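S.K.: One letter stands for each residue in the lines below.
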Amino acid sequence: MIDARKIEKLRKIVGKENVLESVEQMVAYSYDATNIWSHLPDVVVFPTKTEEISEILKFANENGIPVTPRGGGTNVSGGSIPIKGGIILCTTKMGRIIEISKTNLNATVEPGVVLQDFQEALAREGLFFPPDPQSFAGCTMGGVIAENSGGPSCLKYGVAKQYVLGLEVVLADGRVMKLGGLTPKNRTGYELIMLFTGSEGTLGVISKITLRLLPAPRASKTIVAVFSDVAVAGETVTAIIASSVLPSKVEFLDSWTFEKLRGLLPDYVLDISQVVLLIQVDGLPQTVDAETQQILDICKQWAREVRVAADADEAEKYWQARGAHFSDIHSRAHTIVNEDVSVPRDKIADFIRLGRESAKRHDVPISFAGHVGDGNFHPAVLTDSRDKEHYQRALKCVDEIIDIALNLGGVLSGEHGIGLEKQRFLKKAMDPLAIETMKKIKDILDPNHILNPGKIWEESKE
Amino acid sequence: MKTTPVYEQIEKFKSDLDTCTKCGFCMSACPVYQEEKVESSVARGKIMLIRSLLSGELEVTDELAEQLNRCTLCMTCAQNCPAGTHVPSVITAARADKVKRKGVPFPYNFIFRWLLPRRRLFGWVVRFVSWFQGVFMPKTEGTIRHLSFFLAALGKGRHIPQIAPKFLRQSVPEVNKPPAGTPVTCTVGYFTGCMTDFVFPELGKKIIKFLNNNGVEVIVPRGQGCCGAPVFLGTGDFDTGRKMADANVKAFQDLDYVITDCATCASAMKDYVKFLADNEERKQEYTEFEAKIKDITEFLVDVLKLSPSAYKVAPEFKGKTVTFHEPCHLGRYLGVKEQPRQILNSLKDIKYMEMPDADRCCGMAGTFSINYYELSKKIADKKAASIRSTDADVVVTDCPGCQIQLIDTAKRNGMPQQVLHIMELFE
Chain B
1 MIDARKIEKL
11 RKIVGKENVL
21 ESVEQMVAYS
31 YDATNIWSHL
41 PDVVVFPTKT
51 EEISEILKFA
61 NENGIPVTPR
71 GGGTNVSGGS
81 IPIKGGIILC
91 TTKMGRIIEI
101 SKTNLNATVE
111 PGVVLQDFQE
121 ALAREGLFFP
131 PDPQSFAGCT
141 MGGVIAENSG
151 GPSCLKYGVA
161 KQYVLGLEVV
171 LADGRVMKLG
181 GLTPKNRTGY
191 ELIMLFTGSE
201 GTLGVISKIT
211 LRLLPAPRAS
221 KTIVAVFSDV
231 AVAGETVTAI
241 IASSVLPSKV
251 EFLDSWTFEK
261 LRGLLPDYVL
271 DISQVVLLIQ
281 VDGLPQTVDA
291 ETQQILDICK
301 QWAREVRVAA
311 DADEAEKYWQ
321 ARGAHFSDIH
331 SRAHTIVNED
341 VSVPRDKIAD
351 FIRLGRESAK
361 RHDVPISFAG
371 HVGDGNFHPA
381 VLTDSRDKEH
391 YQRALKCVDE
401 IIDIALNLGG
411 VLSGEHGIGL
421 EKQRFLKKAM
431 DPLAIETMKK
441 IKDILDPNHI
451 LNPGKIWEES
461 KE
Chain P
463 MKTTPVYEQI
473 EKFKSDLDTC
483 TKCGFCMSAC
493 PVYQEEKVES
503 SVARGKIMLI
513 RSLLSGELEV
523 TDELAEQLNR
533 CTLCMTCAQN
543 CPAGTHVPSV
553 ITAARADKVK
563 RKGVPFPYNF
573 IFRWLLPRRR
583 LFGWVVRFVS
593 WFQGVFMPKT
603 EGTIRHLSFF
613 LAALGKGRHI
623 PQIAPKFLRQ
633 SVPEVNKPPA
643 GTPVTCTVGY
653 FTGCMTDFVF
663 PELGKKIIKF
673 LNNNGVEVIV
683 PRGQGCCGAP
693 VFLGTGDFDT
703 GRKMADANVK
713 AFQDLDYVIT
723 DCATCASAMK
733 DYVKFLADNE
743 ERKQEYTEFE
753 AKIKDITEFL
763 VDVLKLSPSA
773 YKVAPEFKGK
783 TVTFHEPCHL
793 GRYLGVKEQP
803 RQILNSLKDI
813 KYMEMPDADR
823 CCGMAGTFSI
833 NYYELSKKIA
843 DKKAASIRST
853 DADVVVTDCP
863 GCQIQLIDTA
873 KRNGMPQQVL
883 HIMELFE
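Keeping their order, the protein sequence lines are chains B and P. Start counting the first sequence at 1; every next residue gets the next number (my numbering). Start counting the second sequence at 463; every next residue gets the next number (my numbering).
Just so you know, the hints here were simulated from the structure itself, not pulled from any lab data. Because the structure is a prediction, the values reported are computed rather than measured. Each hint should be verified, as a subset may be incorrect.
Within a straight-line C-alpha distance of at most 35 Å, the following computed DSBU-like cross-link-like pairs (lysine-lysine) qualify [unchecked claim]: (1) P:844 <-> B:12; (2) P:564 <-> B:6; (3) B:317 <-> P:799; (4) B:16 <-> P:813; (5) P:799 <-> B:9; (6) B:102 <-> P:840; (7) B:9 <-> P:840; (8) B:12 <-> P:839; (9) B:16 <-> P:562; (10) B:260 <-> P:754; (11) B:317 <-> P:840; (12) P:667 <-> B:93; (13) B:6 <-> P:840; (14) P:712 <-> P:476; (15) P:844 <-> B:102; (16) B:317 <-> P:813.
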């Protein structure tokens with residue numbers, strides 16, 4: 001617990017309007033978008049500038065108070081849950097877009113800018129920042145970088161870390177470190193920026209971000225293909241990419257989400273199908289037309305139904321159905337264990353087949369959806385943590401699915417990060433020497449382990 | 463032994479409470495969260511607070527009541543929710559359970575329980591206060607707040623409404639027939655609402671005249687009172703709300719249509735059945751009542767199906783550029799989005815310009831704007847920016863509550879726009 005004197009000190013740093021401590025407010029900062037993790041913080045502080053973050057961390061470091069950095073809190077890893085109590089350092093009030101430069105194709109933002117607001121501001125300038133996690137409506141830029149966010153567009157455009165040109169980071173002891181710069185090329189020293197992209201708030205607090213931008217694609221088209229068989233859908237994706245077309249998105253929806261597609265696709269097709277692929281191509285209009293035709297030709301060989309969205313409005317409806325998948329699945333069971341494995345593209349069909357067999361063995365419902373184009377899946381097991389026996393079966397199934405992905409040459413987390421949710425799998429998914437190296441880096445940057453303690457790796461039990 | 467508390471009203475909306483997955487889609491749209499950036503402001507946070515009430519982790523404290531009140535019920539969260547969680551219903555229910563435990567604070571208890579249900583007495587009090595308006599307060603035209611809680615505002619040094627010299631009900635008869643020679647095509651009841659009755663009686667007269675000229679006989683039942691929105695939606699006083707609902711249902715029992723010029727009144731009255739029906743008899747009465755309620759633009763477009771020539775723009779607005787603020791209660795609650803725009807687009811004598819984010823909440827939200835006036839102003843200032851971007855001369859809306867907020871906003875921001883009810887555009 002943090003005593004009143006310490007809270008008073010925090011009030012001095014950020015002003016009393018930027019400190020919350022009532023139990024009601026603590027409840028509102030005890031969760032993220034996962035559904036089994038929660039823990040109350042002792043206090044929530046909202047810095048409004050880098051100097052304030054610096055003072056908060058210096059004070060917390062001197063007093064050994066845990067600090068959990070948090071933005072929108074939309075993550076699905078347990079990463080922003082203050083599992084050891086202490087301070088929630090919430091960056092949502094640092095929400096300025098400092099600069100958008102069309103000539104330099106870069107932008108500088110504060111960590112609390114909401115991704116959707118940023119993307120809208122860029123769109124007005126004809127610019128584009130590709131990472132598009134499905135939490136775009138609430139997630140903030142600090143989190144996008146610290147979690148190294150992905151999303152559907154990453155198939156063609158890559159993940160968040162590929163867009164970071166410069167960072168300002170406040171270290172655990174309060175010192176402010178500037179990394180990188182404004183230019184797309186920069187070969188000065190170690191790539192320290194990469195320590196912080198994906199650091200999940202355990203190494204420092206990101207206080208300013210400079211990002212590389214792209215010109216917005218002039219045109220895009222959405223192709224919808226419905227398949228009777230999962231494996232065939234997987235092979236179709238492989239065939240599309242093998243034909244030298246790189247769509248911007250290839251998303252996979254299984255029959256759990258078909259309700260959202262009713263009215264958009266004929267019922268008689270959905271009733272007897274297993275998978276819908278949503279494919280988007282973008283670029284210059286003539287390229288988009290040619291690539292759309294090429295994809296149509298491939299899909300028609302195997303799909304039960306193929307169509308191209310007539311206009312942006314129709315396309316948006318399909319993408320909304322995809323966007324609603326997460327909450328759609330979550331509304332169907334008390335507890336969802338949602339995984340985030342990524343497998344090599346040519347192993348997609350094997351992965352789904354083996355995953356389904358595992359779910360059948362353990363007699364638990366499972367839904368597969370995800371960014372199939374880059375092999376990043378979100379298998380979700382539907383269970384109820386109050387029903388111990390069912391929940392245990394669900395966890396066993398999830399264990400197996402992770403083993404299946406790893407055995408196929410895949411990884412534990414494609415884009416959500418480890419946080420609390422996946423730390424029990426870390427040892428089998430990462431080289432022990434790599435884990436040891438991470439811990440050493442942590443010791444250098446945060447020797448008192450105040451920053452987001454209890455995350456990524458399991459703490460030794462002694 | 464720990465007992466799990468019972469929250470009767472919240473339990474009715476348990477399915478809404480359960481479907482929220484905390485995904486955060488509500489964050490992009492919530493006007494309160496946009497200003498405050500604090501989790502307890504947004505739908506997801508409020509859902510978690512209410513879940514904690516049910517689990518017994520939290521109790522009804524002043525702080526919790528504060529967080530329940532800090533919502534405009536604009537419904538944008540529900541519109542954006544992929545899980546279909548209707549958060550405004552849960553919040554309204556939680557407000558009611560809060561009132562059951564804590565009661566209604568002064569002076570709202572006095573106003574809601576004694577004044578609002580007594581229309582004539584309320585009218586007298588309004589009149590009495592209006593005589594002293596210039597004594598106690600600056601009598602500034604434009605800076606007026608929602609009438610039904612203006613007494614509460616009195617104690618806080620705010621401006622009070624510019625009360626009309628003569629109320630609508632004193633100015634028009636109960637039965638208003640079309641002029642001689644115009645055949646009667648149908649008869650409707652007109653629900654005037656507090657605002658039109660006490661503050662904008664000229665709007666009421668204009669609507670009656672417009673309907674009469676188009677062959678509609680207009681009854682203004684004397685038994686009608688306040689719709690109850692600030693009482694049962696804003697404050698959670700369901701017992702008083704039920705009395706008001708019963709009075710209104712009775713006042714209109716012999717009529718087929720209940721026409722309103724206030725989207726809030728219309729949607730509150732449609733919500734009687736959802737929140738206030740405590741037995742089968744009321745459920746049936748409220749359901750029948752709900753079906754009769756029509757917003758004025760909805761009635762003109764969907765029921766009367768008037769031709770464009772029926773809408774004669776008053777001379778002072780000819781050649782003006784007009785924009786439209788869509789009230790939350792009109793668009794999201796009643797689903798009336800196209801009808802006012804259809805009317806505006808059909809007018810040859812004005813230029814209609816749609817403003818960006820026309821359906822964004824103006825921040826009025828009745829009781830909310832009294833409790834959180836500073837916050838309400840910040841939300842309104844975003845609307846001001848939208849209005850400015852259109853270069854319109856006139857802003858019209860379809861809710862006198864929004865109208866008051868927009869007048870206040872325009873005045874505070876030194877904007878030239880005139881703010882009117884859509885029906886005020888016509889002769």
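S.K.: With the threshold set at 35 Å, check whether the alpha-carbon distance from residue 9 of chain B to residue 840 of chain P stays at or below it.
M.R.: holds (30 Å)
S.K.: Please work out if residue 317 of chain B and residue 799 of chain P have their alpha carbons no farther apart than 35 Å.
M.R.: holds (20 Å)
S.K.: Residue 564 of chain P and residue 6 of chain B: Cα distance at most 35 Å?
M.R.: holds (33 Å)
S.K.: Please work out if residue 317 of chain B and residue 813 of chain P have their alpha carbons no farther apart than 35 Å.
M.R.: This hinted pair holds, its Cα atoms lying about 32 Å apart.
S.K.: Is the straight-line distance between the alpha-carbon of residue 16 of chain B and that of residue 562 of chain P 35 Å or less?
M.R.: holds (33 Å)
S.K.: Mind checking the alpha carbons of residue 712 of chain P and residue 476 of chain P for me, to see if they're no more than 35 Å apart?
M.R.: Distance ~32 Å between residue 712 of chain P and residue 476 of chain P Cα, so the pair holds.
S.K.: Between residue 799 of chain P and residue 9 of chain B, does the CA-CA distance stay at or below 35 Å?
M.R.: Not satisfied, since the Cα-Cα distance of roughly 51 Å exceeds 35 Å.
S.K.: Has the given pair, residue 16 of chain B with residue 813 of chain P, been kept, meaning a C-alpha gap of at most 35 Å?
M.R.: Roughly 49 Å between the alpha carbons, so the hint for residue 16 of chain B and residue 813 of chain P is violated.
S.K.: For the pair supplied as a hint, residue 317 of chain B and residue 840 of chain P, confirm whether the alpha-carbon distance does not exceed 35 Å.
M.R.: Within the cut-off at roughly 33 Å; holds.
S.K.: Check the hint pairing residue 260 of chain B with residue 754 of chain P against an upper bound of 35 Å on the C-alpha distance.
M.R.: Distance of about 33 Å is within 35 Å: holds.
S.K.: Please work out if residue 6 of chain B and residue 840 of chain P have their alpha carbons no farther apart than 35 Å.
M.R.: Within the cut-off at roughly 32 Å; holds.
S.K.: Please verify whether residue 12 of chain B and residue 839 of chain P have alpha carbons no more than 35 Å apart.
M.R.: holds (28 Å)
Violation of the numbered hints given earlier is confined to hints 4, 5, 12; the remaining hints are satisfied by the structure.
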